[in-house]
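Following the hints, put chain B in place on chain A, whose structure we already have.
Just so you know, the sequences run in chain order A and B. In case it helps, my numbering puts the first sequence at residues 240 to 438. In case it helps, my numbering puts the second sequence at residues 164 to 265.
Keep in mind the hints are simulated off the structure, nothing from the lab. Hints should not be assumed to be uniformly reliable.
Unchecked claim - Short derived list, chain A residues pointing at chain B, Cβ under 10 Å: (1) ASP273; (2) VAL289; (3) GLY290; (4) GLN298; (5) ILE299; (6) VAL351; (7) TRP353.
As the list claims (entries may be wrong) - DSS-like, lysine-lysine: derived pairs with alpha carbons at most 30 Å apart: (8) B:LYS211 x A:LYS316; (9) A:LYS242 x B:LYS252; (10) A:LYS422 x B:LYS211; (11) B:LYS182 x B:LYS211.
Beta carbons are placed, not taken as given, at the ideal position from N, Cα and C, and that holds for glycine.
Residue-level listing of the chains:
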Amino acid sequence: MGKAEFLEVLRRKLTGLPQAEIEERLAFYNEMIDDRIEDGLTEAEAVAEVGPVEDVVNQIMAEIPLTALVRERVRPKRSLRVWEIVLLVLGSPIWLSLLIAAFAVGLSLYIVLWSVVVSLWAVAVSLAAGVFACLFEVFVYQKAGNLGGAVFAGGAALACAGLAILMFFVCLAATKGVARLTKKMILGIKSWFVGKEAA
Amino acid sequence: MDVQLKRGLLDVCVLAAIKNEDSYGYRIIKDMKPYLEMSESTLYTILKRLELAGMLTVRTAEHGGRLRKYYHITPLGLARIEEFREEWKQIESIFRFITRED
Chain A
240 MGKAEFLEVL RRKLTGLPQA EIEERLAFYN EMIDDRIEDG LTEAEAVAEV GPVEDVVNQI
300 MAEIPLTALV RERVRPKRSL RVWEIVLLVL GSPIWLSLLI AAFAVGLSLY IVLWSVVVSL
360 WAVAVSLAAG VFACLFEVFV YQKAGNLGGA VFAGGAALAC AGLAILMFFV CLAATKGVAR
420 LTKKMILGIK SWFVGKEAA
Chain B
164 MDVQLKRGLL DVCVLAAIKN EDSYGYRIIK DMKPYLEMSE STLYTILKRL ELAGMLTVRT
224 AEHGGRLRKY YHITPLGLAR IEEFREEWKQ IESIFRFITR ED
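Isolated chain A, as found in the complex (with noise of 0.2 Å):
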């Protein structure tokens, strides 16, 4: 791939971040490719060391936060007329309550997500509590002169620990799928802003 084509490429998919944002990176990978020729290597070479336009492109929408591009995106690029300005104004009650119903939807589907890890744990340090409990039981049982009982309680104070220790490895697991399901939702909501052509 040339070095003008990889710019070309570059600059397409990364419509949606700030104009400045763009340039500034356009002219960095610019310099380095020409570095790399001064150096060198071949444009094609020197364009491949650089890497795959999308390990680039997917490297600079992990960093970039959510809400530049979404600043970027609401910015308006021209000046509004006034019949445009109007109609915001008097539409807002509908578009606005859309806009925050919807955000709130969204935020308490992810609330419940994370509800259910939090109820995970909760039965995890249940079964904790319990087998102290059942410890307690035993004491309470031997010091009657019920071994029956005892035996009993001792055996599910055992079960009530190995389920807990269980429990806690599927909390574990919960937790982490739950976090790295966070990442790819940014991420995704990311990439619908950026890369969008003439949006």
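Same frame as chain A, now just chain B:
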């Protein structure tokens, strides 16, 4: 190398690359290559972060008919390198603790 460990080292490494004389993007990557692999995007982010923190300054100069950005370390940047040197002594003692044979 472990990602977390690497992340902490990259910033200081870039500062070290421009410590004795101003340098430019590709040369910084080349200078660091025997020690750490760094991609363009990573370097871009680090340079931006260091500039924002006041640890380096940027100037554009003409070179071979095109423009090139040169990075210059500031006293703040030099202080960071010194800080790293101190931190390293602590890391060394932790290393000795981790790898002790007993």
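**Prompt:** Looking at the structure, which of the earlier hints fail to hold?
**Reply:** Going through the list in order, the structure violates hints 6, 7 and 9 and respects the others.
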